[in-house]
Structure formats: structure tokens, C-alpha cells
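So the sequences go chain by chain: Z and A. Going by the numbering used here, 229 is the number at position 223 of the first sequence; the sequence numbering is gapless. Going by the numbering used here, 288 is the number at position 282 of the second sequence; the sequence numbering is gapless.
Watch out, some of these pointers could steer you wrong.
One copy or any two copies: either way a pair holds, since identical chains are not told apart in the list.
[Unchecked claim] Pairs of lysine to aspartate or glutamate, EDC-like flavour, derived with a Cα cap of 20 angstroms: (1) K119 <-> D94; (2) K196 <-> D321; (3) K303 <-> E184.
It should be emphasised that the hints constitute simulated quantities derived from the structure, not laboratory data.
What follows is the residue order along each chain.
2 protein chains.
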Amino acid sequence: MKYFITGGAGFIGSNLVDRLLSDGHEVVVYDNFRTGMPEFLEDAKRNYRHLKIITGDILDQKLSNSMAGCDFVFHLAANADVRHGVDDTHVDLRINTVGTHEVLEAMRVNGIKKIAFSSTGSVYGESPIIPTPEDAPFPIQTSLYGASKVAGEALIQAYCEGFGMQAWIFRFVSILGERYSHGHVFDFYKQLSQHSKYLDVLGDGTQRKSYLNVKDCVDALIIAINNSTNKVNIFNLGTNEYVQVNDSIKILCDYLTINPKINYSGGNKGWIGDNPFILLNCNKIRSLGWKPKYTIKESIIHTIEYLEENSWILDER
Amino acid sequence: MKYFITGGAGFIGSNLVDRLLSDGHEVVVYDNFRTGMPEFLEDAKRNYRHLKIITGDILDQKLSNSMAGCDFVFHLAANADVRHGVDDTHVDLRINTVGTHEVLEAMRVNGIKKIAFSSTGSVYGESPIIPTPEDAPFPIQTSLYGASKVAGEALIQAYCEGFGMQAWIFRFVSILGERYSHGHVFDFYKQLSQHSKYLDVLGDGTQRKSYLNVKDCVDALIIAINNSTNKVNIFNLGTNEYVQVNDSIKILCDYLTINPKINYSGGNKGWIGDNPFILLNCNKIRSLGWKPKYTIKESIIHTIEYLEENSWILDER
Numbered sequence: 007m008k009y010f011i012t013g014g015a016g017f018i019g020s021n022l023v024d025r026l027l028s029d030g031h032e033v034v035v036y037d038n039f040r041t042g043m044p045e046f047l048e049d050a051k052r053n054y055r056h057l058k059i060i061t062g063d064i065l066d067q068k069l070s071n072s073m074a075g076c077d078f079v080f081h082l083a084a085n086a087d088v089r090h091g092v093d094d095t096h097v098d099l100r101i102n103t104v105g106t107h108e109v110l111e112a113m114r115v116n117g118i119k120k121i122a123f124s125s126t127g128s129v130y131g132e133s134p135i136i137p138t139p140e141d142a143p144f145p146i147q148t149s150l151y152g153a154s155k156v157a158g159e160a161l162i163q164a165y166c167e168g169f170g171m172q173a174w175i176f177r178f179v180s181i182l183g184e185r186y187s188h189g190h191v192f193d194f195y196k197q198l199s200q201h202s203k204y205l206d207v208l209g210d211g212t213q214r215k216s217y218l219n220v221k222d223c224v225d226a227l228i229i230a231i232n233n234s235t236n237k238v239n240i241f242n243l244g245t246n247e248y249v250q251v252n253d254s255i256k257i258l259c260d261y262l263t264i265n266p267k268i269n270y271s272g273g274n275k276g277w278i279g280d281n282p283f284i285l286l287n288c289n290k291i292r293s294l295g296w297k298p299k300y301t302i303k304e305s306i307i308h309t310i311e312y313l314e315e316n317s318w319i320l321d322e323r
Numbered sequence: 007m008k009y010f011i012t013g014g015a016g017f018i019g020s021n022l023v024d025r026l027l028s029d030g031h032e033v034v035v036y037d038n039f040r041t042g043m044p045e046f047l048e049d050a051k052r053n054y055r056h057l058k059i060i061t062g063d064i065l066d067q068k069l070s071n072s073m074a075g076c077d078f079v080f081h082l083a084a085n086a087d088v089r090h091g092v093d094d095t096h097v098d099l100r101i102n103t104v105g106t107h108e109v110l111e112a113m114r115v116n117g118i119k120k121i122a123f124s125s126t127g128s129v130y131g132e133s134p135i136i137p138t139p140e141d142a143p144f145p146i147q148t149s150l151y152g153a154s155k156v157a158g159e160a161l162i163q164a165y166c167e168g169f170g171m172q173a174w175i176f177r178f179v180s181i182l183g184e185r186y187s188h189g190h191v192f193d194f195y196k197q198l199s200q201h202s203k204y205l206d207v208l209g210d211g212t213q214r215k216s217y218l219n220v221k222d223c224v225d226a227l228i229i230a231i232n233n234s235t236n237k238v239n240i241f242n243l244g245t246n247e248y249v250q251v252n253d254s255i256k257i258l259c260d261y262l263t264i265n266p267k268i269n270y271s272g273g274n275k276g277w278i279g280d281n282p283f284i285l286l287n288c289n290k291i292r293s294l295g296w297k298p299k300y301t302i303k304e305s306i307i308h309t310i311e312y313l314e315e316n317s318w319i320l321d322e323r
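Go ahead and model the full structure; you've got the sequences and the hints to work with.
Okay, structure coming up:
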């Protein structure tokens, strides 16, 4: 199989690239390297011949030609910054919604029928049902990021019906692990590497979040696309655990053997549209035989170890 | 109150304009007159001083200045053609999704905090629950039209959270009545006015649809915005009845006392993404004291009478 991976130089994308190459597939990475990093593809470039890397944006005209000859598209390119939607209200719409439409159009022109899409648990807004299953009540969006992703999902579903495509849509919790380079564990680690005496925390630290290791995430993607055959296949991806932000901080500080003063910004939300409790019901993906190998605590420590060994990332962000 | 009505020269829009003016409000109509018709506003222009009509597209820069000084936006402008999404996949996204974002941005710039939005029962796709309530399971979209509307809803919800706005979102069944000028009763009547011996019908005629009279629709809009006060208020609007397409044809032919040969295109869907059974659970809007005054049969006959008296509409479409 020849896979086309938008955002293939990103955190999740590059881990997926490594896995697909090691499974013997051909891979075309398409990335604008705005948040993706060439370093994440260095091992893959060194070890595999069947890797092609194209620098391009999903909104560029070259997208369509770049996709020619591929069998399957993993559309992972996105604005993944959940917090800043209200600062520039065009960004999520342009990159995540219009960008997804451009990817679908390029697939249609090239006759490519299969797409996997990285959506988000944020599409559930503040669900009345926790853990939240895929068929939760029709949600109300609380962030422009969530809105842009639900719009991307909807476009993909309409293309499946209209043009005989097949889709796998994944609603992720936050992902941790190797090459992790944005999000709150990253922010906390970066702060503490600059000043170990205090830590600024958005919200009151009680927000409850679930996390998944990137290796477990990639395993789930592969198992899902190989074992589910509906027209539209939607999967939550996460662990059955959650931790408070305060728990993450404690794990981080214990590992670093420091005891900073915590300055909370206050309120039960870190930012507008922050969801105070995210926990997804992942029975559907588990029914295919998948389960996570790493606990949240292991994933946080795994992440810190990676950041310690790769401190250059801290300078990039 | 000063209301700004995008699509105010359209079928539903112009009926709403008449109602708001007769209730004593100021109204600004904003319409590009692509499907809206100046004739629909003639009575209003003749009878009321507090009506301003601006010719403009929601994607034009002038939108924002046009909205200055208004208190409440009814955003009804849309591509309402459900059938042709797959012929040009950009239309629904541009007009209904990006257009809604432009309306929200104009509101934000002008400090306008209240919006009512015409969504559609199509956002439920092929719901497993019929009659379908507002909190039905998270749907899978089957048309680009439905996808563009669910994206519009999501953007509005995110603006409510992000910018302290308040929204009323209405998921309509098909609307019939005075000034009705597109949809299948219109198409059937137009065909039969040209040739009374035969009628071409998309699908096999068994599609089950619910309809609502435009006067009942406008009543519901006014009752909802005056009696529900959540941040985001979502209402299905329809009757508790449904008819088969074949029933609509019989009502029409009996009224016209003709007996045409029916040529079915076949299949249980009229077009890609057509939903074979639409019936909405409208208990929520009924709990506010609203109920429809007209049966579906009365609305169909009402519509035919209007078209007979206004045959110029047939030439326009």
C-alpha cells in the first residue's frame, strides 16, 4: 500500500510514518513544516527507501498532484492549538475545515477512496455522558477548534456518501510520548526547565483529562483501518483512566525532584472552551482487540524522558 | 428591537420580515437577490417605514458596516439546494459555512450578541431514532448541505462560548406556503403546468417527509427567541405528521383534477444524500406553547393556491 500522510512530519504523523515504513509500506509525507519537524523524519529517511517527503501546505495547489498514485490518505495536518481560536477566528476554519475539503477534493480528483482523519474528543463539548461514547447526544461545540473538527468530520462523511469513499475518523484524547512538542505537559516542563521555583498553571488544576501514548495511538489507527469496514468508521481513542492537571504536575515534579510554588490562574477551565472533564468510552476500539500498553503515569514519564534527551525541541517552541 | 435579516428577501425570510414589521420592530433586510425576490418585499415596503433593504452578499465586505446598530441577527441566507452538493462541492461550504463565519465576525465587530440560525433536519443524516429529537445520537452526515449546516451550527455555538453570544438554532423540516419557490411540490406543480399528462419523480415515491407551513414556522421562531434563554437554544421545527411523496402527488393531482402518468427514477432516495424518512420530535418547541395551525395537506393546498395566483414565480425558476 502507498500511504499519503498530511502532517507526516508532526508528532503523531511521524510516529505513524515510522510504523507504516517498518510494516513494509510506501509512504508519501506532505507537510508544510510549520509545526512539523524535519528531525522527526531523520531515522525514517536513513532507514527506508520507500519514503518521499514533500514540503507543501494542504491549501496549496500542489496538493492534488502530490497525491497522485497513492492508495490511502491519513489526513493529520491541522491547527492543533486548541487554546487560541478566539484570538484569530479564521485559523481553525481555514486549516481544519477548508483544508479538509481540499484534501477530499484532491482525493476525488485522484480517485483515492480511503481516508483516515484525526479528529478530537473536543467535538463532544461538555458531554452529559462520561465516559463519552461515539454515539453520545448531538453535542454543542465550545471551541472553534472543536467546531472546525466536527465540520471536517461532516465533510468527510458527506464525501463518503456522495463519492463512494470510506473513512476512519478518530476522536483522540491528548496524546503523549516520543516527539511530543505541544500541550500542557510540554508547557510545564519547559517552564520548569527555565525556573524550577514556580509554575504558572491555567485554571485551578482540577481539570480532569485522559491521555494516550503515541505508540498506543498508532497501534489503534492501524488496527482500526485493517479491521473495520463500514462506510464511515468512528472511533474514540484514549485510556480508561484520567488524571487531574494537579496529578500531572505532581508526577512531573516528583520525577524532577523539585517542589515549585504553583500559581493558578483560577477557574475550572484553563482557557475559553477548555473542557473540565474529558474521558472517552473506548469500548468500540477495544472490541477490535486493541488496548493501551501504557498508563497515563508511564506516558507522562516517557514524555519527560524524551524531552530531557531532546532539549532542542524546547528552543523551537 | 432592530433586526438584521440575512436572506430577508427569501421564502422564509420575507415572511419573517412581514411578521417583525407588523409586531412594530425595525428591520434591515440583507439579501443578494440571487434566490430572494424583490416582489416578496413589496407589501412590506408599501406598508412600513421601518424597513431598510440592502442588496449584498454575506461574503461581501459591506456586510459588517450594514449590520451596524442592529440588536439581533436572523441568519437565513443560505444555499438551500440540498440536491446539487455533489455537482459543485464548494458551494455549500462557501455559502453556508464560511458565510456563517462572516456573519458571526460581523456581529463580533459590531458588538451584536444574539443570533437565530436556520439549520435543517438534514443534519441528523439517517437517524436511528424517529421521530428524531434535538439530542439524537451524534449524527453521520449524508449530504454536503447537511455537513455545511452542522458546521454553521458548530461555529455559532463556539462563538457563544468564546464571545458571550446567545443563539437560537432551528432545525427545519421542508417548509411550504406563501412565497414557496423551490422544492418538490414546486417542481411537481411546475411540471404539471407545462404538461398535465405525465410527471417525472425522483426516487420511487415512497420517501416519507414532514412539512411545516411557513406561517407556523415564523410563529415558532418568534415564540422561541422570546421564551428560551439558554446560551445555545436548539429547536426542531416540524409537524407531528409525515406524508409519502406519493401522497403529496395525490393531493396535488386531486386538487388540479388531473391524472398524469408517474415516471419514477427509482430507488428509495431522490438524490444522493436524500433521507428516505424525515420526522422530527418537536416536543421542545411545543413545550413553549407553540403548535402548528396547518396540516400538511392544508399546507400543500395553500402552496398550490399561492402558485396559481403567482404564476410569475414559475418563470423565474
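Provide an ascending list of the numbers of those earlier hints which the structure does not satisfy. none
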